[in-house]
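Just so you know, the sequences run in chain order R and A. End of the first sequence = 461 in the numbering used here, gap-free, step of one. End of the second sequence = 432 in the numbering used here, gap-free, step of one.
Hints may be right or wrong, so weigh each one.
Derived pair list, reagent style DSS-like, types lysine-lysine, alpha-carbon separation capped at 30 angstroms [said to hold, decoys possible]:
(1) R/Lys-132 / A/Lys-59
(2) R/Lys-173 / A/Lys-59
(3) A/Lys-197 / R/Lys-88
(4) A/Lys-207 / A/Lys-145
(5) A/Lys-38 / R/Lys-304
(6) R/Lys-401 / R/Lys-177
(7) A/Lys-145 / R/Lys-77
(8) A/Lys-118 / A/Lys-136
(9) A/Lys-38 / R/Lys-88
(10) R/Lys-93 / A/Lys-198
(11) A/Lys-207 / R/Lys-440
(12) A/Lys-224 / R/Lys-401
(13) R/Lys-88 / R/Lys-440
(14) R/Lys-215 / A/Lys-256
(15) A/Lys-347 / A/Lys-405
If you want the footprint, here are the derived chain A segments under chain R, 3+ residues with CB under 8 angstroms [claimed, not checked]:
(16) 68 to 75
(17) 178 to 189
(18) 354 to 364
(19) 371 to 383
(20) 386 to 400
Derived from the structure by calculation, the hints contain no laboratory data. Just so you know, these numbers come straight off a predicted model, no measurement behind them. Ideal Cβ positions, reconstructed from N, Cα and C, are used throughout, including at glycine.
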Amino acid sequence: MLEDILLKQKSLFETGLQTVLRGQENRYRSVSIQNGNLIGNSRSEERGICSRVYLGGAYGFASTAEYSEEAAARTIKAATENARYLGKYNTQKKEPYPSLGSSYVTSPRMIIDFEQKRIVELCKEIDAHIEKTYPDLLSRSVSYNEMTMEKIIVTSDAADGHVAYPRCGLYVKMSKKSADGQPIELSDAIGGFGDLEDHFKDLTPIYEKIEKLHKQLCDKAEGVYAEAGVKTVILHPDVAGMIAHEAIGHTVEADLVLGGSVANGRIGEQVASDLVSIVDYAHTFRGGQAPLPVYLDDEGVVAKDAVLIENGILKGYMHDRESADHFGAEPCGNSRGYIFSDEPLIRMRNTTVLPGKDTLEDMIASVDDGYYLISTNNGQADLTGEFMFGITSGYEIKNGKLGRAILDTTVSGVAFDLLKTVDMVSDTVTWCPLGYCGKKQMMPVSMGGPAIRCKISIGGR
Amino acid sequence: MADLQKISEIITEHIKTKGDLKADFTITESTQREISMKDGKFTLFRTLFDNDLSIMVIKDHKRGTKYINTFEKEAVEAAIDEALSSAEASDPDECFDIAPGLEPENFSNKALVPDIDKLMERCLELSEDIARDHKKIKVMEMFAKYTRGHSLFINTNGTRDDSEYGFYQIVMEFAGNDGQNSTGINVSWVNFDNLDKKLIELGSIEKDLTDAENSLDPINISDKFEGDVLFTPACAYQVLSYVMGNTVMDNALVNKTSKWLDKIGEQVASPLLTIRANPWDERIICHEVHTLDGFRSENYDVIEKGVLKSFAASLYASNKCGVERARNTGMDAVVDPGDTPYEDMVKGIKKGLIVGSISCGMPGATGELSGVAKNAFYVEDGKIKGAVMETMISTNLFDMLFNIKAISKELLCNGSMVMPYILAGGVTISGN
Chain R
1 MLEDILLKQK SLFETGLQTV LRGQENRYRS VSIQNGNLIG NSRSEERGIC
51 SRVYLGGAYG FASTAEYSEE AAARTIKAAT ENARYLGKYN TQKKEPYPSL
101 GSSYVTSPRM IIDFEQKRIV ELCKEIDAHI EKTYPDLLSR SVSYNEMTME
151 KIIVTSDAAD GHVAYPRCGL YVKMSKKSAD GQPIELSDAI GGFGDLEDHF
201 KDLTPIYEKI EKLHKQLCDK AEGVYAEAGV KTVILHPDVA GMIAHEAIGH
251 TVEADLVLGG SVANGRIGEQ VASDLVSIVD YAHTFRGGQA PLPVYLDDEG
301 VVAKDAVLIE NGILKGYMHD RESADHFGAE PCGNSRGYIF SDEPLIRMRN
351 TTVLPGKDTL EDMIASVDDG YYLISTNNGQ ADLTGEFMFG ITSGYEIKNG
401 KLGRAILDTT VSGVAFDLLK TVDMVSDTVT WCPLGYCGKK QMMPVSMGGP
451 AIRCKISIGG R
Chain A
1 MADLQKISEI ITEHIKTKGD LKADFTITES TQREISMKDG KFTLFRTLFD
51 NDLSIMVIKD HKRGTKYINT FEKEAVEAAI DEALSSAEAS DPDECFDIAP
101 GLEPENFSNK ALVPDIDKLM ERCLELSEDI ARDHKKIKVM EMFAKYTRGH
151 SLFINTNGTR DDSEYGFYQI VMEFAGNDGQ NSTGINVSWV NFDNLDKKLI
201 ELGSIEKDLT DAENSLDPIN ISDKFEGDVL FTPACAYQVL SYVMGNTVMD
251 NALVNKTSKW LDKIGEQVAS PLLTIRANPW DERIICHEVH TLDGFRSENY
301 DVIEKGVLKS FAASLYASNK CGVERARNTG MDAVVDPGDT PYEDMVKGIK
351 KGLIVGSISC GMPGATGELS GVAKNAFYVE DGKIKGAVME TMISTNLFDM
401 LFNIKAISKE LLCNGSMVMP YILAGGVTIS GN
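Isolated chain A (complex conformation) (with noise of 0.2 angstroms):
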């Protein structure tokens, strides 16, 4: 084990021998086990051990950054020496800062020591489980992991952040697959901190298995309409990310790219939707107690009943385009339930899709998004006639905003957001 303690004294006291300058940095010790499965063996046992040190330095309101793997001396004294260089080669920018120094806190959440036995037998639980149950489905991969981590955060301005973290996280990859035919590739994965519960019972993973195996012959739509989809929560959080992407995140502000840039409390989407970033609620797994700037995390609410409450801006935006940090960087994505069940939000589909995921290039500023409906099923009257493929789904994102008609009360929990499923209008469907 490395002596943090040590190494944070290190970094300081070299910091100080160069002047009058702002800095913050992490260092992180960490530890990884991970299993891989296939077709129901265990194929690979990996054990990384890994060191990280990054530090970024402000001087004369230059900015430069470094990222190294060792906590040698010598390496870390040259690490901070070249962040300066980097930075002495820059461009001064009155908007870079830091943080102002907090008090010191220590930070911990559940899962710090790992049982790999038992998460070697959850796992071939998990493997009779899926042998037994959905016997047309073919597991192509599985990984299982447990991450160990302590790291130190510490800024010129005096904070320091101590935290231990542990967390374990399945990921599953498999299609449907019967001898003779296959579906395409389907994901699916969960963060969890503890060995309670089989496997299969995480996340959305038995609902996902059953979806694989019920594409296995898919129908083809013919014709070009204009109807509803309704998006399953990780498709809901694709999409999602995409309107968060190109408009309240950094780039789009700096860019002046948002399409919201004077929407603060305006109606941007229905009074439907409100969308949290929350990494402090007791959902999420292993998040972010500092920000990348060194503010301490909070919970905000990005859109709240549809109107536009925050921009997701860095100190450095911030500082940039005049607009108010936000309290978090961690994006944890909580978005509130809805009071319809998912059976009649499909009950209320006249025609449309239900869409498990989008193949499809990032959306650019304009919002416009078309690609290929995976892992989708065709809805006609409220039933589920079956499986799709070739399917193109397009429309505009902030258009399908304002076009939802509900929100689940289901929602998926998968550790790294809260999201339910969502149902839109107006979008354009053509089969081949």
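Excised from the complex, chain R in its bound form (with noise of 0.2 angstroms):
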């Protein structure tokens, strides 16, 4: 087994080097379906060995995209040699980081692999009951795609483990003609963590949210464009748990934070509203798995969760090894590298906005002109804490009803601004299980949170 030959690597650890030797495995099963044509097909895998090398303030990585015991070996010597060859030109060395316990970890989920022909005729099937049940559309697609990663951690002063992340989803897009002729797109994502059968054995509760995602289509195609300005919102969780992730996730990885973001030295600080917390969650939430449950980061930190803000205080930062050390504090297994050949970077896992007591129908109620966003197609955040998202689904609210559907928007503002114009939080989280993380690699996240009221800026015509 790779378990025990990279286990048995050990020995080749130079004495005094804090080193990491990984193995993983990322597999992808995809099938894409776009208007009844079968156009995309595919099963990848990638595997192999890296190894990481810190000696006085510099890494030596190196990557090899074999799983042997002759690639781990040299493999570790060819990040040895790197981490060397740096010392050369860094004058002032650091000290190692401090030394963690050992221990054995192991996620509780391994994974399951599924047959093409299965995950094809799921898509058809989905694609046939669309297609049937809603003859006005323009054009479709269902999409599935898988990605799971296994990996095999071996440090020299921190825990080993075997951890694996099964993950799937399936993508729905609509989209149809409004009045004027424009076609008109929205578009959904059901999944999570698990396999294929943990979430799509029963396809009831799949075509009862396609039809709400038809239902939100057919507003959307009657809809109006949104008034530019500043206006008071209530954001779904999904737009909720964007915030916590791209507007005040980011600013508070340690890394960013000593790149200048407005988080540097704000710890303690009022930084929103006090109905306002936010936590980064390792692996179990309120008693239960959390959406993407991290057991043990690719250094070798056994995960806890991460609390960021606080009844509106910024308390702590998200951390790898080195940062933390350089911040005086405790890791939380923040550190995860996206394929066998990524370095580890600090990297969210399950971050959200934790709820309330008021209830979403009180929260539309109280607001006389104003909208309700609800589905974002994509987040981005600066280190000034100004962020933005598109927004692909809401609607009017007017003298505490629901009113017109809105066309796509775009909303923006500044983090810290905007966490303190919070007066409202729902009493509900609902997560979004299917994140991704663009941060130099790619990575699975999740994110979610309560519905929020607050004021936000909003792009119009």
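Two chains, two frames, some hints: make the complex.
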């Protein structure tokens, strides 16, 4: 077994150098049907071994696309040589960071693979349902994407382990013509942690979500442009989750803090309304499994929750071992790499705004003139806390009632300023379990939140 | 080093045992060396040894693909079997096909032997140049890398392309920072094939650093108005990519959501605009030599003087939609320069912005774009008044193409695109 092969390589770690050896396999399964044409049908695997060696404040890293004892030895040697090569250039040497206790960590769930035929049949069945049920569509697409990761981590001075991240999603996109002939689109993603049978054995709830998506599309086809300006809005949990990840999460990743983010030097400050608390959960949320459970990171740190904002006060950053040492903080297991040849970076896991006490109905009823913003297709944030999200679905709120749908728009603001305007928070967290983050490398993440009421700048005509 | 010829023979022989099918495959062996710097210090040195095999098979008009990163015989043969199983589980579509057989050919580019010590020197020099000449810049991270690869592309119609390539790349992430305040993140990157020049002189690195320093004290725009936007080359590329994605690419054609489905030969933009897809332009470093379907890549024009000349259709989309196949699939964009100097373009702006990038969602088929103007400067009466924050722009991309007022003489060549500044009117600009 590769696990045994890699564990044996500890004897090749040089004394005094902080070394990690990682074996990793990513599997991808995808099928894509557009307007009934099966245009994408692929399976792929990427696997290999990497090693990272820390010496005097710099890292040597190497990776090899082989899964063998000989490849492991070669990779450790190359990483060690690279660390020594950099040592020639760096005159100011840093001390090693503190060692962590050794243990062996496994995640409770491993990976099940399904034949492509099963995936193709699933997509065809759903596509046929959409074609039959919704003849008013201009176009439709159904895609299935599965990305599973399996990692074996072996370290010189932290925990070892064997962890897995199975995840799959179904992506449905529909378009229809508006009254003036414009193509109006809307999409949704369904699925999450686990495999095909976990999420798509019973298609009844899938069809209910597609029905809801179609209703929103029909409303949007008769929609209006949002009025530009600063508005009182209710952010659906999906949009609030995006705030937690993009607008707040990235600014409190320690590598970006060191790069000069707006959160630098503000630990202990009131940065949000006292109704706002944000946590990056490791693997367990309120007694249940978080949507992307991380038990051990790629530096051998046993994962635990990272509290970012508590009752509006900035409490901490997310770290890798090096930044934790720099800030005198405890690492919580946020360091992960996407494929075997990627060095680990500080990444979020399950980042959410914590629930409050209001109901969504009361929140909508409280708005005289504003918007209910439901879906977002992407988001970006900056060091300054300035952010934007694309809004793909939403409704006007007039006199406490939902009104006309709105067409695609963009919302923007400065994260901490926005969070200071939060004055209502709903009582239920909804997770968006199929997120990806693109900070140098792609990385599966999840984000979530309750609905929140705040003021935000909306782009429009 | 892997013996690519021997691996290709194993694949070819195994495919022959599967009966009558069409297939193509690419085997690539590559090595990448990457140096990272933060705050003037080297922090990471990576060496990545990679193998890649991608195979596509078509049997009875059914298509399946498989990708692995090992060359072991058993794994390679299993990959072919799995691609075939996937195809058999699929639906037949007579539009799936591969290119006809072509004469075998060898390709290579200039930078096949790296000089890592020299690259290190150039990185140190860049770091010193920034520390000396751009004191209000904080380099968050800089990656300098060299990639060397060798690949074989073979199809069952007899094509055999043997390609050797090597290129350098630098990516810089930085912000203006005076110790108190920080600007947003800027990214500047360049592909290049030699180390003759100082890195700060490549692409738009020097100008991007200067712009970031000049963005430290942003001014507020409080009103909303319709004005001009001068897109920097990087931002022009971003905007034109959105247009192309919604009009000439496969998805827009197959889904019939493109607004240009019946516009070949018609005016779709200002006569000032010519967009070419030119992988063989000498300013494009390390480009595709064959299309994804196996045709030899050739240059072609997408838009010439505002007239739509070609879609970027793959062989499948071409067969499916009854349109002409594009001559390459790389979309290495080369936009023709105009006759207006950049300085004159700025002077011609009555009220508007210079925009370095747009933070926005991918616009849909309607072309409606709204987003936050990043790395942006407010211009009034031909003078740059200062950097702006929290300023949104919105426009319709199809209208914007007709609202182009000028294209610059100056071009950004960063190794993967050649792009001028583009000035467009009629953009809604709203401050906070």
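Against the structure, the hints:
1. R/Lys-132 / A/Lys-59: holds (29 angstroms)
2. R/Lys-173 / A/Lys-59: Holds - the C-alpha atoms of A/Lys-59 and R/Lys-173 are around 29 angstroms apart, at most 30 angstroms.
3. A/Lys-197 / R/Lys-88: holds (24 angstroms)
4. A/Lys-207 / A/Lys-145: holds (22 angstroms)
5. A/Lys-38 / R/Lys-304: Judged against 30 angstroms, a Cα distance of about 28 angstroms means the pair holds.
6. R/Lys-401 / R/Lys-177: With Cα atoms ~26 angstroms apart, R/Lys-401 and R/Lys-177 stay inside 30 angstroms; holds.
7. A/Lys-145 / R/Lys-77: holds (20 angstroms)
8. A/Lys-118 / A/Lys-136: holds (27 angstroms)
9. A/Lys-38 / R/Lys-88: holds (16 angstroms)
10. R/Lys-93 / A/Lys-198: holds (28 angstroms)
11. A/Lys-207 / R/Lys-440: At roughly 23 angstroms apart (the allowed maximum being 30 angstroms), R/Lys-440 and A/Lys-207 satisfy the hint.
12. A/Lys-224 / R/Lys-401: Holds - the C-alpha atoms of R/Lys-401 and A/Lys-224 are around 29 angstroms apart, at most 30 angstroms.
13. R/Lys-88 / R/Lys-440: holds (27 angstroms)
14. R/Lys-215 / A/Lys-256: Between R/Lys-215 and A/Lys-256 the Cα gap is close to 22 angstroms, so the pair holds against 30 angstroms.
15. A/Lys-347 / A/Lys-405: Given that 30 angstroms is the threshold and the Cα spacing comes to 13 angstroms, the pair holds.
16. 68 to 75: holds (count 3)
17. 178 to 189: holds (count 4)
18. 354 to 364: holds (count 6)
19. 371 to 383: Per the Cβ count (3), the hint holds.
20. 386 to 400: Since three or more residues must qualify, the claim that chain R covers the segment 386 to 400 of chain A holds, with 4 doing so at under 8 angstroms.
Checked against the numbered hints given earlier, the structure satisfies every one of them.
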